[in-house]
Amino acid sequence: MSSTASPGSVTAGSITALRGDPHHLGHSRDGHGESRATGRGIGGPAPKRIVVAYGFWIFILSDIVMFASFFAAYAVLQGGIADGPTGPEIFDLTNTALETGLLLLSSFACGMASLALGARRMLYFQVAMAVTFLLGAGFVALEVMEFADLVGRGLVPSRSAFLSSFFTLVGCHGLHVTIGLLWLLTMMAQVLTKGFRPDIVRRTLCFALFWHALDIVWVGVFSIVYLMGSIT
Amino acid sequence: MLGKLTLEAIPLHQPIPLIAGAVVAAVVLGVVAWIVLAGHLPYLWREWITSVDHKRVGVMYCLLALVMLIRGFSDAILMRSQHVFAYKAAGYLPPEHYDQIFSAHGVIIIFFGAMPFMIGLMNFAVPLQLGVRDVAFPTLNSVSFWLTASGALLVNASLIVGEFARTGWWPAPPLSEITYSPGVGVDYYLWAIQISGVGTLMTGINFVTTILKMRAPGMSYLRMPMFCWTALAASLLIVAAFPILTATLAMLSLDRYLGFHFFTDSHGGNSMMFMNLFWAWGHPEVYILALPAYGVFSEVISTFSGKPLFAYRSMVLATMSICLLSFTVWLHHFFTMGPGGDVNGVFAITSMIIAVPTGVKIFDWLFTMYGGRVRLTSAMLWSLGFMVTFVVGGATGVLLAIPPADFVLHNSMFLVAHFHNVMVSAVLFAAFAGYTYWFPKAFGFRLDEGWGKAAFWFGITGFVIVFGAFYWLGLLGMTRRMQHYDVADWRPWILVSAFGVVVMVAGVACTLIQLVVSIRRREELRDVTGDPWDGRSLEWATASPPPVFNFAALPEVHGEEAYWAIKSRAREQLRLREEPDYAPIEMPLNSATGFICAFFATLIGFAMIWYIWWLAAAGLVGAFLTFVVFAWRDKVEYEIPASEVARINRANRATRLEALQGVGQRRAA
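Quick note, the sequences are listed as chains A and B, same order.
Just so we're aligned: 118 in our numbering is position 118 of the first sequence, and the numbers increase by one with no gaps anywhere.
Just so we're aligned: 161 in our numbering is position 161 of the second sequence, and the numbers increase by one with no gaps anywhere.
With the rest of the complex left out, here is chain A (with noise of 0.2 Å):
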C-alpha cells in the first residue's frame, strides 16, 4: 500500500499556513470544500480552489484537443487550393504580427489583473482587465478586418478546402477570444459589485487561465498557419 494516511499526517505547519490565509478560500468546516488536503488521497478532498483550478486546466486540455483537430484538418487540406489561391499569395505577415503583439500584450495585462487580485486591490484590477479587453477586442477587430478583407477579395470558405480549413481555425481561435472579451466583462462586472468573494475570486483565475491558454493556442497558430504557411 502507497501510504498509511490519516488527516494527521498533514503537518501542523501547513494547516497553520492554510488557516493564515486572510481570505479562506475554500474553507467550510468539514462539508464541501474541506480543506486540510493535498487531493492526493491524503486528508480527504482537496480544497475547493484546488478542485475548480484543476477541473478547468482538464477542460482547456479538452479545449486543445479540439483545436488539435482544426490543426490537424489544416495540415491535410492545405494543399486543397482547388482554383484559389495559395496561403503565401493571402498572407499579411504585417497583420499576423500587430494581432501577436496585441494578444500577447493582452496576457501581460491579464496577468498585471491576476496579481491585482491576489493583492486585493479593485482599482489595479478594474484597469488591468480594462487594458486586457481592449487589447484582446483590437485584436478581434484586425483579426475581423483581415477576415473582410479576404471575403471582400472573393477569398470566401467556400473557395477551396484550403481556405475552408483556415477561416475554420483562425476562426475558432478568433471566437474563442470573443467568448473570452464576454467573460472578461462579466467577471469585472461580478468583482466590481460583489467584491473578491472566494467563488469570484476562483471564477476570476479561471479566466485568466482560459486567456493564457488562448494565447498559447494563438502561438501555433501564428507559427503554423501563418509562419509556416508564407515559406514556399
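Fair warning: there could be bad hints in the mix.
Pair by pair, the computed Cβ-Cβ distance ranges are [said to hold, decoys possible]:
| id | chain 1 | residue 1 | chain 2 | residue 2 | range |
| --- | --- | --- | --- | --- | --- |
| 1 | A | L115 | B | V629 | 23 to 31 Å |
| 2 | A | L134 | B | L258 | 29 to 37 Å |
| 3 | B | R577 | A | F196 | 40 to 48 Å |
| 4 | B | R481 | A | K194 | 51 to 59 Å |
| 5 | B | R577 | A | L115 | 46 to 54 Å |
Calculated Cβ distances over 10 Å to all of chain A for the following chain B residues [as the list claims (entries may be wrong)]:
| id | residue |
| --- | --- |
| 6 | A20 |
| 7 | L153 |
| 8 | S314 |
| 9 | L325 |
| 10 | G345 |
| 11 | F347 |
| 12 | L376 |
| 13 | P404 |
| 14 | S412 |
| 15 | I465 |
| 16 | P492 |
| 17 | V517 |
| 18 | S568 |
| 19 | G664 |
Derived from the structure by calculation, the hints contain no laboratory data.
Being a predicted model, the structure only gives us computed values, none of them experimental.
Ideal Cβ positions, reconstructed from N, Cα and C, are used throughout, including at glycine.
Starting from the structure of chain A, add chain B where the hints point.
What follows is chain B alone, placed relative to chain A:
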C-alpha cells in the same frame, strides 16, 4: 420567419412514422398531464429536476437510458420484422424510412441508451465509493444531464417534425453532405449529438476532477474500488476524444450550412479525413462504454464471490492500458478504404494487442470466482453471461482485425453480429447488472430476483439466437443495411433472428414487470441496513437510500476494500465503529440552471436544424443570461445542522447494530 419549417414537415402522408410519433407524443403528454394534474410537479421540480445531488442525477440518467433503450429496441423490432416480409418483396418499410430507422437505432442506443446508462451508474456510485459527499461540480453535473436529455429530445422530435438522418449512425460524407442529403435529417443528427456531446464532455471533466481530487481521507489511488478506476479511464477518454467529435461534426456542419469544403471531395476537400477524425473519436468511444461496464462486473463478481477482486493491480494496469491503446486502433474501421497494406498491418497489430489487457481482465474475473462462495443472483448471472458471450465477441473481433479477413467480412452481417456481440454483452449486460446491484442503494429496496432471472434468461437466449444467426448470415454473404433481399439461403436464418427478437421482447417485458412487481412488494424487499449484498466498498457503509450528504462523517480508509475492513472489525468485536463527532454539513443548493440551459440548448438546436436564425440567436442569449444569473447567486450552499446529521446517522446505526446482534446470536448458537 420559420426558416424551412412548414406543415410539410409533419409526415401526414406516411402512416408508420405518423402513428409512431403520435403514440410517443401521446405517452409523453399523458405523463406530463398526469404529473401536473396529480400535483406532483412541485415535488418533481424540487427533488429531481433542479436537484444537483449526484445520486438523483445518476438515477435520472439511468431512467432516460432505460426509456431510450426501449425506443432503440423498437427500431430493432421494426428492422427484423421488415426482413421477415421483405423476401423477394418490398416489405412494409420504404427504403428512405428503413434507412432512417437503422440510423436512429444506432444513434439512440449508443448516445442516448448506452452512454447515459454508464454515466448514470458512474454518477450514482463513484462519489459513494470514494467516500465523499458529491462530485466536484454538482451544478455542472445537472447541466450535463439536461443537455443529454435535450439531445435525446431532438432525436425523438425528428420522428414527428421532419425526418432523421438516412446515413447510418456515423454520417459518412460525401453522402451526408448537403448535395446528397438535402433534408434536415443529418442536421437533426448533428445538433442532437453536439448538444449532448457538450454534456458528456462536462461529465468527463467533472469525473476526472472528482476521482483525482476528491476522495475520502486515506483513499489513495490503489485503494480505490475497481469501478472508480474504470470510471476514471472512461472519463479521461471522454476528455481526450469528445472534442475530436465536436470538431469533426462542426466541420461537417460548416460544409452543410455555409458551403465549406472539408469533406466534399471537390475543391480540395477530403472525405477520408472524416473517416479518420470520426473514428479517432469512435474507437475510444467503444471503451468509454466498455470500461465502466468492466468496472460494474468487477464489483458484482467480487461481491457475489465473497472475495476481493483477484489481482487488483493487474486489473488497474489493464484498464489504464486499454485507456491508452484505444487511441491506436481507429484505422481498423476502414481497412478496405485504401490505407494500403503496411498501414493496415500496423493497425491490425495494435488491434490485436488491445485484446490482451481485456483477456487479462477475463482471467482476473475467473480467478476472483475461483475458490469463492459464488451466489448466483441475477446481477451475477448477467456477469457470467457476459463472460461467456463476450469472449466470443472478442474472438470475432480479433478475426476482423486481420485485414485479409476483414476484406471478406467488412460491411457484412458478420460485422454487425460482432459489434452487437461485444456491445450488448459488455454494456447492456453491465447496465442490467449495475441496475440490479445498486437499485437497493438508490431506493432502499431490492428488485425482485425471480423476474430479474427471467429477464436474464430471455435476454441472453434471444441475444444469442439473433446474433448467432447474424454471424451465419454474414458468412453467407449478406451485407448490412439491406432493405430487402432475394437470396433463398438467407431466408431461414432471417426468420431465426426474428424469432430471437421475440424472445428478447419477453426479456424486456420481464424487466418492466420486475420494476412494477418490486415497487409493489417493496416492504418485503426492504433493505434496512444499507448493505443488502454483503458488499465490500464504501457505498454499502451508508444507509439505503443514502442521506443527501452520503456520510455523516467522511470515512477513514486504511486499506483496499474500505468497507469490508470496517465490517470485519465490527463482526469480530460485535460492535459498531465509534460514533463520529457530528458537525454541521454544507451541501450545494438546488439549481434550475441545468434545466433552463437545456431548454435554451433545445431551442438553439431546433432553430439551427430548421434555419430559424433569430430563434438560435435568442437561444444563445438566453443560455448566456442563465449562466450570468447562476454566477450572481449569493447563497450557494445550505447547512444541515449537526443534530439532523446525528439523527439520520443514528437511525442507520440502530438497524446495523440489530443486524450485528443477529450475527452474534447465530455465532453463539
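Can we confirm that no CB of chain A comes within 10 Å of the CB of G664 of chain B?
About 29 Å separates G664 of chain B from the closest Cβ of chain A, which puts it past 10 Å; holds.
Non-interface claim for L376 of chain B, where every Cβ of chain A lies beyond 10 Å:
At about 33 Å from chain A, L376 of chain B clears the 10 Å cut-off, so the statement holds.
Is it correct that the beta-carbon of G345 of chain B has no partner in chain A closer than or equal to 10 Å?
G345 of chain B is indeed farther than 10 Å from all Cβ atoms of chain A, at 22 Å.
Honestly, do R577 of chain B and L115 of chain A meet the 46 to 54 Å range at C-beta?
Cβ of R577 of chain B to Cβ of L115 of chain A: about 48 Å, so the range 46 to 54 Å holds.
L325 of chain B non-interfacial with respect to chain A [C-beta, more than 10 Å]:
Answer for L325 of chain B: holds, closest chain A Cβ roughly 18 Å.
Minimum Cβ-Cβ distance from P492 of chain B to chain A exceeds 10 Å:
Non-interface label stands for P492 of chain B: nearest chain A Cβ at 46 Å, farther than 10 Å.
Just double-check A20 of chain B for me: nearest Cβ-Cβ distance to chain A has to come out over 10 Å.
36 Å, holds
Report holds if the minimum CB distance from V517 of chain B to chain A is greater than 10 Å, and violated otherwise.
Non-interface label stands for V517 of chain B: nearest chain A Cβ at 38 Å, farther than 10 Å.
Go ahead and decide if the range 29 to 37 Å is satisfied by the Cβ distance of L134 of chain A to L258 of chain B.
Since the Cβ atoms of L134 of chain A and L258 of chain B sit about 31 Å apart, the hinted range of 29 to 37 Å holds.
Just to be sure I understand the hint, the distance between the Cβ atoms of R577 of chain B and F196 of chain A should be within 40 to 48 Å; is that true here?
Since the Cβ atoms of R577 of chain B and F196 of chain A sit about 41 Å apart, the hinted range of 40 to 48 Å holds.
Compute the least Cβ-Cβ separation between P404 of chain B and chain A, then decide whether it is above 10 Å.
At about 28 Å from chain A, P404 of chain B clears the 10 Å cut-off, so the statement holds.
Cβ separation check - S568 of chain B to all of chain A, threshold 10 Å
Given that every Cβ of chain A is farther than 10 Å from that of S568 of chain B, nearest at about 17 Å, it holds.
The structure is consistent with each of the numbered hints, conforming to all of them.
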